[in-house]
Amino acid sequence: MKDESRKLFLKYGEKYQKAIKEENYIEAFVAILAGIREADEKNDREVIKVMIGLVKTLNLLISAKYGVLHRNHLGAYAHKCFLCANNYKKEELFSGSEGAICKNCAILAHKTFSLSP
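Okay, so the sequence shown: first residue is 10 according to my numbering, each after it adds one.
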């Protein structure tokens, strides 16, 4: 990632991380959208791709928090974890609207965004 791209991502990534730690998901989403808007103005596709990845992660975190991840009805790509890309049995994955996630990645994502540095 270029230095300018890294600075842009960190500017909004820190706001996102702070909002996640406070469980303020609306502010986290606003930080992502602001980052995407500024990256679009600067025509920085790399930052946009990373920010879209944060949207998917945010969706999985919200789904996990409010208990809407289901072990059934997983669909065609349910055998692969969205984050680590490892293969699992259907019963070992949780699904959300963006894909399936394994227990290990769900725990890691929760710890990453809920512990203060």
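Simulated from the structure, these hints should not be mistaken for laboratory data. Careful, some of the hints might be misleading.
[What the hints assert, rightly or not] Below, simulated DSBU-like cross-link-like pairs (lysine-lysine); rule was C-alpha separation at most 35 Å, straight line:
(1) Lys30 - Lys89
(2) Lys11 - Lys65
(3) Lys112 - Lys74
(4) Lys24 - Lys51
(5) Lys65 - Lys99
(6) Lys98 - Lys58
(7) Lys112 - Lys11
(8) Lys51 - Lys99
(9) Lys16 - Lys30
(10) Lys27 - Lys65
(11) Lys11 - Lys99
(12) Lys89 - Lys65
(13) Lys112 - Lys20
These are the hints, each one checked on the structure:
Of the pairs offered as hints, the one joining Lys30 and Lys89 holds, with about 27 Å between alpha carbons and a cut-off of 35 Å not exceeded. With a CA separation close to 23 Å, the supplied pair Lys11 and Lys65 stays within the 35 Å bound. Pair hint Lys112 plus Lys74 holds up; C-alpha atoms about 14 Å apart against a cutoff of 35 Å. A hinted pair counts as satisfied when its Cα atoms are at most 35 Å apart, and Lys24 with Lys51 qualifies at roughly 19 Å.
A distance of roughly 20 Å separates the Cα atoms of Lys65 and Lys99; the hinted pair therefore holds under the 35 Å criterion. Among the hinted pairs, Lys98 with Lys58 is consistent with the structure: their alpha-carbon atoms are about 29 Å apart, no more than 35 Å. Distance restraint check for Lys112 and Lys11: the Cα-Cα separation of roughly 33 Å lies within the 35 Å cut-off, and the hinted pair is therefore satisfied. A C-alpha spacing of about 41 Å is found between Lys51 and Lys99, which places the hinted pair above 35 Å, so the restraint is violated.
A C-alpha spacing of about 21 Å is found between Lys16 and Lys30, which places the hinted pair at or below 35 Å, so the restraint holds. Proximity of Lys27 to Lys65 is assessed by CA-CA distance (about 17 Å); at most 35 Å being required, the pair is judged to hold. Under the criterion of a C-alpha separation no larger than 35 Å, the hint pairing Lys11 with Lys99 is inconsistent with the structure, at around 39 Å. Proposed proximity of Lys89 and Lys65 is supported: the alpha carbons are some 15 Å apart, at most 35 Å.
Between the alpha carbons of Lys112 and Lys20 the distance comes to roughly 30 Å, so the proposed pair stays at or under 35 Å and holds.
Checked against the numbered hints above, the structure violates hints 8, 11; every other hint is satisfied.
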